[in-house]
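With chain A's structure known, arrange chain B on it following the hints.
Chain residues, written in single-letter form:
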Amino acid sequence: MTTTFARRTVLALLGAGAGLSALPRAFAQLRVDITRGRVEPLAIAVAPFAYDAPELARLARDIPDVTAADLESSGFFRRIDPRAHPETPDELGEVPRFDLWRRIDAQALVAGRVRLAGAGLAVEFRLWDVFTGEHLAGFRYVLPRAHWRRAAHRIADAVYVRLTGEGGWFDTRIAYVAESGPATRRVKRLALMDRDGANHRFLTDGRELVMTPRFAPDGRRLVYVAWRGGRPGIFERDLETGRERTLGPFPGTAFAPRYGPDGSELLLTVAVRGNSDLYRLDLATGRLTRLTDHPAIDTSPGYDPDARRIVFNSDRAGTPQLYLMDRDGGGVRRLTFRPGRYGSPVWSPRGDWIAYSVVRGGYFHIGVVRPDGADDRPITRSFFDESPSFAPNGRILVFARQDPVRDTRRLFTIGVDGSGLRELPTPLDAVDPDWSPLLP
Amino acid sequence: MRRALAVSALLHLAALALLARLGFTPAPPSPPLVVELVAAVPEVEPEAPPADPVATAPRPPREEAAPPPAPPADETAAAEPPPDPSPPATPPPAESPPPIPEAEPPPPPVSTPTARTPAAAAPTPEAAPAPPPPRPHTAPAVPRRLAALRPAPRPRAAARATVRSPSPPRPRPVRVAEAVRTAPDGVRADVQAEDSFETLLRSVERLERRERAEERRAGRGRDREAGRPRTAPLEAVGARRPAPVELARLQRLVEDQVYRCWTIPLAARGIRGLRVLVRFELTPDGRVRAAEIVDRARYGKDPVFRIVAESAIRAVRRCAPLRLPRESYAAWRTIEMNFDLERALSG
Chain A
1 MTTTFARRTV LALLGAGAGL SALPRAFAQL RVDITRGRVE PLAIAVAPFA
51 YDAPELARLA RDIPDVTAAD LESSGFFRRI DPRAHPETPD ELGEVPRFDL
101 WRRIDAQALV AGRVRLAGAG LAVEFRLWDV FTGEHLAGFR YVLPRAHWRR
151 AAHRIADAVY VRLTGEGGWF DTRIAYVAES GPATRRVKRL ALMDRDGANH
201 RFLTDGRELV MTPRFAPDGR RLVYVAWRGG RPGIFERDLE TGRERTLGPF
251 PGTAFAPRYG PDGSELLLTV AVRGNSDLYR LDLATGRLTR LTDHPAIDTS
301 PGYDPDARRI VFNSDRAGTP QLYLMDRDGG GVRRLTFRPG RYGSPVWSPR
351 GDWIAYSVVR GGYFHIGVVR PDGADDRPIT RSFFDESPSF APNGRILVFA
401 RQDPVRDTRR LFTIGVDGSG LRELPTPLDA VDPDWSPLLP
Chain B
441 MRRALAVSAL LHLAALALLA RLGFTPAPPS PPLVVELVAA VPEVEPEAPP
491 ADPVATAPRP PREEAAPPPA PPADETAAAE PPPDPSPPAT PPPAESPPPI
541 PEAEPPPPPV STPTARTPAA AAPTPEAAPA PPPPRPHTAP AVPRRLAALR
591 PAPRPRAAAR ATVRSPSPPR PRPVRVAEAV RTAPDGVRAD VQAEDSFETL
641 LRSVERLERR ERAEERRAGR GRDREAGRPR TAPLEAVGAR RPAPVELARL
691 QRLVEDQVYR CWTIPLAARG IRGLRVLVRF ELTPDGRVRA AEIVDRARYG
741 KDPVFRIVAE SAIRAVRRCA PLRLPRESYA AWRTIEMNFD LERALSG
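Line by line, the protein sequences are chains A and B.
With my numbering, letter number 3 in the first sequence gets 3, and the count goes up by one each step, no holes.
To get my numbering, take the position in the second sequence, counting from 1, and add 440.
Next comes chain A alone, as it looks inside the complex (with noise of 0.2 Å):
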């Protein structure tokens, strides 16, 4: 993509080499640095989208709504009230007009349409730069009705795209296990639920306990661990027709499950005898690989997104750190150095940071490393936070904190520099948050 990109923006600027001269650079005489400017979210206007069929009113205008509390819950945007607007929606038809739209000081634009199309919906639009005029970004997606809000998170990726820079992760999900109960008998369920918290629904009933749920890189299936019989085990659920097989069988204990990121394989825990040591599961063929041997506790293995290196969890130097080692289990190091506890680490689908949850001063941090254990730091500070989770962009994480004056455990989004953290919506208490890809 990224050649693509650069190719067409090299014909682009040949192009407009060969039809407007370049600006007389040798002779620019005044150069000003910019060393301020507006640390503010942009203005953007997203339209009511015009429609042409009296049932798609609602429509209409629901989807614009979503797009728009997915753009303004990263809080880059802010979104300029459509009563505000200068066009309707049918005048935003064609080209809008810029001028009347820089007047209410938009920067940028989103107008768009929404029709029949056979039993589902196409759903269009297009982003505007309301300054120089341009036409940003436009798609069109054909779905079902019912995923009618899969639309309005597509759209909020492509303009988040488009105008950060950054990935998207709006047209997303979150799995994760929901509590309810008193503490001596919690309720775990299984649940899932859009990134923004619609569609919320439980795949399991909560007569077993589970625990961490992870996506495969497809997005598709989940696997995790669940007490059966009273006694754990792995299960992969494939989302799309609910059926659910049992992997294994394991020599001991197996727990903390994660995808490679091709989906064919897994890396474990498996407990034998109290020692705790990580192997690799071939989904295919069910062949379970050993990757270290050592009477320290070793657990939370996770891959790098080139599947080369993999991160994990001892306490071989006394208290649990963060390591790293080869694919094959070979060139065991050291990644952090700091003091405190940690746990669950996590590896950025981008590949420049490792969050982890860490316990230190009495207080529980989520915190982020680079890979070659630099920068090492935390990024929030509570009773109690934990279970890190990546959006697929890389920039965003998910994570579980407890309120111990409410009572609470919660789900909360948050950037990676630490900025923007915000509650996400759950019915009931929450943990252990994953964070699929973008779905297909």
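Calculated from the structure, these hints are not laboratory results.
One thing to keep in mind: the hints can contain errors.
Stretches of chain B that chain A covers, calculated by requiring three or more beta carbons in the stretch to come under 8 Å of a beta carbon on chain A [unchecked claim]:
(1) 685-696
(2) 707-713
(3) 754-768
Chain B residues, not near chain A, derived (Cβ > 10 Å throughout) [claimed, not checked]:
(4) Pro472
(5) Pro724
(6) Asp725
Predicted model, so just to flag it, every value in this text is computed and none were measured.
Don't be surprised by glycine CBs; every beta carbon is placed ideally from N, CA and C.
Structure of chain B alone, referenced to chain A:
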């Protein structure tokens, strides 16, 4: 105890059902979306025909009823899109799982897409007619400063051509109107642009010719290409180099105006040492005639750099016309602005 647990679970379930109308539906499958590129100028008209299908499609399958069953067969669901007349052409770009990025690459092929893309073919003719209308309106400029922006549609068009070409032309947004003003291929835009601010340029040119005549030293007067008015050589300017004091004053004037209009792309936070140098050519009344990213290579391959560069250009356009002393136009006709993201964020 196990029973108690089950009871508790049931109670919770019941409560939930009431509370959130949520059930344990086996995760409703999400069929892959069909994604198509949309040309910049909505061919609302051409699509009108598909509108008819609306009439034909009136079957009210939309009620959630239909979708539920759909869940199981995602693949099929995906196949469903065919109802849309254009799917065949679009599939290629659409299929791309990653939303936009992938979809974009295919742009080239897009040209073929059914009714929508034909736009590409008709660019010039149709385009012209559409855009013009807006401009005229703008003419009745509002007294406000911002309004002033509009009146000068011509210069902007030209400027846009230059600036724009780098970024937008890239994708397929070959749509009609845009095509013209965006100058995807540079050439057409060139012509157009020339037409548009011909008048303005002419006056500038006249002014420069006079200066040139006066200065006329080395034989550097050759105008570039035919479009000489646009590039009016600035040699003349060089002759009257402004005093450092004056330069400092101009710098302050420019920065004071521009920074207020620069919305720093928050997504670029945390990127160290990011600076974007943009060269602007201004008209005597302070509007942007052209803008050019100096580091084109990076602009082409670093998305975040590109975003910051675009925000920089947007800032200056948003502030235009810049209020600068007319008598020293020669000194600020071309300005290099160094947008220093790191300092801006740390300050």
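Distal placement of Pro724(B) relative to chain A, Cβ over 10 Å: 15 Å, holds
Beyond 10 Å from every chain A Cβ: check whether that's true for Pro472(B). 4 Å, violated
Verify the coverage statement for the stretch 685-696 of chain B against chain A, using a C-beta to C-beta distance below 8 Å and requiring 3 or more qualifying residues. holds (count 5)
Is the nearest CB of chain A more than 10 Å from the CB of Asp725(B)? 17 Å, holds
How does the stretch 754-768 of chain B fare against chain A when you require at least three residues with a CB closer than 8 Å, holds or violated? holds (count 4)
Coverage of the stretch 707-713 of chain B by chain A, judged on three or more residues with CB within 8 Å: Coverage by chain A holds for the stretch 707-713 of chain B (4 residues, Cβ < 8 Å).
Hint 4 alone, counting from the list given before, is not met by this structure.
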